[in-house]
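J.: Top line first, the protein sequences correspond to chains A and B. FYI, in this note's numbering the residues of the first sequence are 1 to 259. FYI, in this note's numbering the residues of the second sequence are 1 to 260.
Source of the hints: derived by calculation from the structure; they are not laboratory data. There's no promise every hint is true.
Said to hold, decoys possible - Simulated restraints, written as ranges between beta carbons of each label pair:
| # | chain 1 | residue 1 | chain 2 | residue 2 | range |
| --- | --- | --- | --- | --- | --- |
| 1 | A | 21 | B | 149 | 25 to 33 Å |
| 2 | B | 243 | A | 58 | 41 to 49 Å |
| 3 | B | 165 | A | 7 | 28 to 36 Å |
| 4 | B | 120 | A | 108 | 49 to 57 Å |
| 5 | B | 90 | A | 60 | 24 to 32 Å |
| 6 | B | 108 | A | 73 | 55 to 63 Å |
| 7 | A | 33 | B | 74 | 37 to 45 Å |
| 8 | A | 108 | B | 98 | 54 to 62 Å |
| 9 | A | 108 | B | 6 | 38 to 46 Å |
| 10 | A | 166 | B | 59 | 57 to 65 Å |
| 11 | A | 58 | B | 104 | 31 to 39 Å |
| 12 | A | 104 | B | 74 | 52 to 60 Å |
| 13 | B | 165 | A | 112 | 49 to 57 Å |
| 14 | A | 257 | B | 94 | 38 to 46 Å |
Glycine included, C-beta positions come from ideal geometry on N, C-alpha and C.
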Amino acid sequence: MNKLVLNGVGKTFGTGGKAVEALSDINLCIAENELAVIVGPSGCGKSTLLNIVAGLEQADSGVITMNNRNIEGPGADRGVVFQSYTLFPWLTVQQNVEFGLKIKGINAKERQEIARHYINLVGLGGFEGALPKALSGGMKQRVAIARALANKPEMLLMDEPFGALDAQTRLIMQELLLSVWEKERTTILFITHDIDEAVLLADNVYVMSRRPGRIRCRIQVPIPRPRDHRSTVSPEFSAVKKEIMEMLWEESRTAANER
Amino acid sequence: MVRILGRNIYSTLTLSSFTFILLMWFALSYSGAVKELFLPSPGSVLQALGEMHEEGILVDYTLDSTYRVVVGWIMAVIVSIPLGMLVATSKKAEAILTPVIEFARYLPVVAMVPLTLLYFGIGDLQKFAVIFLGTFFQLVLMVSDVVAGVQRDLLRAAATLGASRWQIYRLVLMPASLPGIMDSLRITIGWAWTYLVVAELVAANSGLGHMILKSQRFLATDRMFAGLIIIGLLGLATDLFFKWLTRVVVPWNEKAGGKA
């Protein structure tokens, strides 16, 4: 069953001579429980695409539906994890995770239980009372994931959430996301420019073209689950990676020649 | 570099800069290198302080001045914080208010002192007006800058967690602006002291500025120095108080408790 459908979505920034077409005729179907990853060269509009799905930006054309309902504006049914650290620094880990639940009007006891569950799920049990300033970058993103999931969203949207982390931490976070997803099976739309990350995580990798961004193709990742860092050395991994790399390489080269 | 200094070394350095100034003062005045009329000795300044205390004006004038600063400044704070937030969050408010404020803030308050005297006489109300005019316009712009500078992704994150516009305003924008607003308050209360002294120098019946001006007529340099020292100490105390208050109000701030 299709969870998220984008049909002919386009977006242009600015007007007149300064107008820049960021997205052009984006068509995308993401199935229920799918872990979908979009990769594309930098500046291809992939973050814009995610922001449109999140309702933080409006498309100029096309239709976006989730569960067959049009998306209008941001909402708790689509949790977002941003690349920048977005924990509320004046709230503790626990209070951060409870933020959305409090807005929904869930009572304190239930809130606490739900928050505990997700804090433990991301491996931060014991840090409930800590303030964000005491956490490392990786830990902050774990809390951000817990905070988004605690809201029980229909979809989780992730905009290069591990982009600011060092290589070691990134790998740990990727494994953590895989294990969380195995348990929760929330539909995820994940954006990255890191091909390894895309292949390790995705059911399907959607490769975007250079600007104006289009979905060039969908590549199924046949690596069996559950996956972990060892999956990255399998022959299937290399094959898929090579395919994506060649496609992106072509895009970047054409983009460079056009400049 | 400051960050790697130990706490002890830091306080020792602070203390030694004050000690140096004191020693210079002792040396220049007691050696007779500078005339007593221009630079009174520490002893005679202390004596002046004692006399003023006996006359009952030391505490009274200090309290008068402090009262004027605090009331005038708080009036400016109360009006400017909501306006600053409004300017930062509403394009319409920005269009209406910003040009006027930009114009007004370049009018030197000192040039408006005669007008305030005409409107409000020489009482406390005129002092409040001078301080208000001197800090209000700047505060609106400082607060609006702080609010506009709140990380946009924090607001977006709140929106994606289901917060309404008003909830984002109240639960995210306001707390996120607090550290910057505390900084603005600390800076502007310093200016408030300057404007008050200016106002008191021009016309007043009491207050530290008034005392300094009166002392000039009698060439009582020791009293002028005493007044300056008290103003300096009050400034120092205010600054320390605000640093402490900032740590209490926004203990979560990354910068809180910073370098000291």
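J.: All the hints need checking, so say for each whether the structure fits it.
T.: So, going through the hints one by one against the coordinates:
{"no.": "1", "hint": "A:21 with B:149: 25 to 33 Å", "result": "holds (30 Å)"}
{"no.": "2", "hint": "B:243 with A:58: 41 to 49 Å", "result": "holds (44 Å)"}
{"no.": "3", "hint": "B:165 with A:7: 28 to 36 Å", "result": "holds (29 Å)"}
{"no.": "4", "hint": "B:120 with A:108: 49 to 57 Å", "result": "holds (52 Å)"}
{"no.": "5", "hint": "B:90 with A:60: 24 to 32 Å", "result": "holds (25 Å)"}
{"no.": "6", "hint": "B:108 with A:73: 55 to 63 Å", "result": "violated (47 Å)"}
{"no.": "7", "hint": "A:33 with B:74: 37 to 45 Å", "result": "violated (58 Å)"}
{"no.": "8", "hint": "A:108 with B:98: 54 to 62 Å", "result": "violated (42 Å)"}
{"no.": "9", "hint": "A:108 with B:6: 38 to 46 Å", "result": "holds (44 Å)"}
{"no.": "10", "hint": "A:166 with B:59: 57 to 65 Å", "result": "holds (60 Å)"}
{"no.": "11", "hint": "A:58 with B:104: 31 to 39 Å", "result": "holds (38 Å)"}
{"no.": "12", "hint": "A:104 with B:74: 52 to 60 Å", "result": "violated (38 Å)"}
{"no.": "13", "hint": "B:165 with A:112: 49 to 57 Å", "result": "violated (27 Å)"}
{"no.": "14", "hint": "A:257 with B:94: 38 to 46 Å", "result": "holds (44 Å)"}
Consistency note: the structure conflicts with the earlier hints numbered 6, 7, 8, 12 and 13.
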